[in-house]
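Chemist: From first to last, the protein sequence lines stand for chains Y and C.
Taking the numbering used here, I'd label the letters of the first sequence as residues 3 to 424.
Taking the numbering used here, I'd label the letters of the second sequence as residues 3 to 424.
Mixed in with the good hints, there may be bad ones.
One copy or two, either will do: identical chains are not told apart, so a pair holds if it fits within one copy or between any two.
Pairs of lysine to any residue, SDA-like flavour, derived with a Cα cap of 25 Å [what the hints assert, rightly or not]: (1) Lys214 / Gly48; (2) Lys244 / Val338; (3) Lys207 / Glu102; (4) Lys375 / Ser267; (5) Lys207 / Ser115; (6) Lys117 / Ile330; (7) Lys375 / Asp266.
Since the hints were derived computationally from the structure, they do not count as laboratory data.
Bear in mind that the values here come from a model prediction, so they are computed numbers and not experimental data.
Listed below are the residues making up each chain.
Number of protein chains: 2
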Amino acid sequence: VHIELINTGRELLLGRVLNTLQLWICRQLADLGYDVNRQACVADDGPQIQAAVRESLSRSDLVITTGGLGPTSDDLTRDWIARLLGRPLAPDPETLGRIERLFIQRRRVMPASAKIQAMVPAGARVLRNDHGTAPGLAIEVRPNPFRAEGRPSWLVLLPGPPRELRPMFTQSVIPLLLSEFPSTEKFVCCILKTTGLGESLVEEKIAGPLQKLVQDGLDLGYCARIGEVEVRLGARGGRAEKIVNEAEGIVRGLLGRLIFAAGDSSLEAVVVGALTEQGKTVALAESCTGGLIAHRLTNVPGASVVLKCGLVTYSNEAKTDLLGVQAITLSQHGAVSEPVAREMAQGARRRCGADYGLSVTGIAGPGGGSEGKPIGTVFMALADEAGTTVERHFNPYDRETFKFAASQQALDLLRRALLPFP
Amino acid sequence: VHIELINTGRELLLGRVLNTLQLWICRQLADLGYDVNRQACVADDGPQIQAAVRESLSRSDLVITTGGLGPTSDDLTRDWIARLLGRPLAPDPETLGRIERLFIQRRRVMPASAKIQAMVPAGARVLRNDHGTAPGLAIEVRPNPFRAEGRPSWLVLLPGPPRELRPMFTQSVIPLLLSEFPSTEKFVCCILKTTGLGESLVEEKIAGPLQKLVQDGLDLGYCARIGEVEVRLGARGGRAEKIVNEAEGIVRGLLGRLIFAAGDSSLEAVVVGALTEQGKTVALAESCTGGLIAHRLTNVPGASVVLKCGLVTYSNEAKTDLLGVQAITLSQHGAVSEPVAREMAQGARRRCGADYGLSVTGIAGPGGGSEGKPIGTVFMALADEAGTTVERHFNPYDRETFKFAASQQALDLLRRALLPFP
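Sequences are here, hints too, so could you generate the full structure?
Modeler: This is the structure in structure tokens:
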């Protein structure tokens, strides 16, 4: 199945907003074994939307567009696509009624412009929007005037707001996909997430040993993020499972504890899961990460049970007052030092009555570096009843990258303590 | 100038990673008055990269690609583009020397595969990489065999890692752009960032009054994010400044204090800026936002001076122990209530000796809602020497969206206290 995705929205081309819809839609499709062959962004401009849709229809079995179905003047997708396909628009009474009820329910006055969203091109299926006003539309283009021999395609128009698009995709688009494009080939994919080594070094360790399987059809890919390298092992066909299982065994054997998860889990989810399972709690003392570790942990449902408390202590005063770091330790070693990291972790653990105390102190920049401790230097410590471990890392990046890398290293320190065996 | 951007990387089409490069590159170009006309993602697949580049070259004055220049086996861009253009590759000694020195400097062993990155197509300019191994390449395609009448184009190949691409873009691509495509028309753009109203309502307030200016050439756009709507006012040509200034005056008159920034500033940067200017400090008591407010504030350089401390207090125990919230208040009203928000803000302020205490307590979900306080309910309070203000909001979204919306509302509560006049 050849699939293309077209995201409309000038804000995407002006660099005002990240294309989170692409991430989400591609992920959903990949998990079902469908590949997106190409993705494109075009502005909210009628002729440009038409041109992109026409090109994609000439190549694809399924074209998905996002955005441009709303009520404002730059919402043009519905109109220009109806025109491209030569299908007149007419109001759909059911949709109109639903929009009117939604405004009543939200206790808001319905602007006249909202009615435009109930216009539907002839022959289109309405995909109900349970979380907003504009419905989606699914159009079977048969014959497809833009494709060789008129081969039919499906064209699916989805609204731009993620809260509206996501449930609509799950409820309406996936069933359509499964019934119109049933998969003929088995597809198996295994993702192993690692932390602690760069992409080149991960590849150097595993690429050679996997070479034979690659020749047998293993699709081997890497994806590097800050503090994280994902290894993707995929295969299709009757032997897919065997190939992927064998590859997974090889990678696990070679990377061992560098692997923190198989599949989708984030490092913070692994940590919260392990704490929950073991009935343990953690207290945080964050200086340079500034609350990011607490934020990441609390993104995981159920974190409230295992996170005793989080203390963001930038100033020496807060380190002394809230964590009990000794003034003499601060003055002798400086706030960014092994002894201070140690006392912060111990202080957080003691102060909050947690099983683990985890601390981070470092120099995020842009100011504050010195020769012995350049910008990017960070100390982190983990205290438990047995003692305290301190690590020093060096993340010479911009401020936000530094914070994320440090949060990743600190969470991994805790993971390795919680899960000592691979 | 017709510009197209091609991002290569299977991980983008598999939905494993957000396209942050697109955001950044488009933003840089927009700020200089250049429009990106189209953006596309294709997999790390030689023929697909070739096809996409060929199509873009047939339409564009400038084509920028990202990714696929590294040392691993799925880095194919350099090779396949050299082949498309019929240009042989040869090693560039200067680049090779730089890569070797980089490995020595990082105290790492250089893998043999790293040398591939020093291969340069005939006639290409090398764009030095000061933050990584793979250099960028700029190729003047003259004549351009894919374009009508052989009209020339520039093709710029950039590495995928943002830390490498960004400085390279600033140092090498922008100067190339300015010298090869000097702008002929004045371009003025003003961005006004608002919070507190949805996109439809913002448009309803301003679209009518701006209609005349739109007819005169004002380019009016909206961009909605969680808790934020951006109004974009742009114009080109001799009267651009006059048109944009007049539009800005109208929008400011109508939206007033809903506007928190002109241009690029985030709400957290505005808050840190105002606190710094006024010599004030803030202490945070976060329950359901779980450290996100502290994280956002500490993303702003200089935040360490104004953020006295941040306390992430999920449990009742932590609220009592660290913030001094009374047990009876918790038992009578529940942790998510106006009185608890009030005591949390007052407690954080007092405990940390800050000028302001800012608190948030709410129900992020997925669990924990009740009839009177459904999931999405959040209370926030701001305490200062004059008293305490409490607000109740309702953000019935998924967990992460809820957290962001609540953090935005809380930061805005502080902003309005710091900057009471528009």
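Chemist: Which constraints among the numbered hints does this structure fail? Numbers only, ascending.
Modeler: Violated: hints 2, 4, 6, 7.
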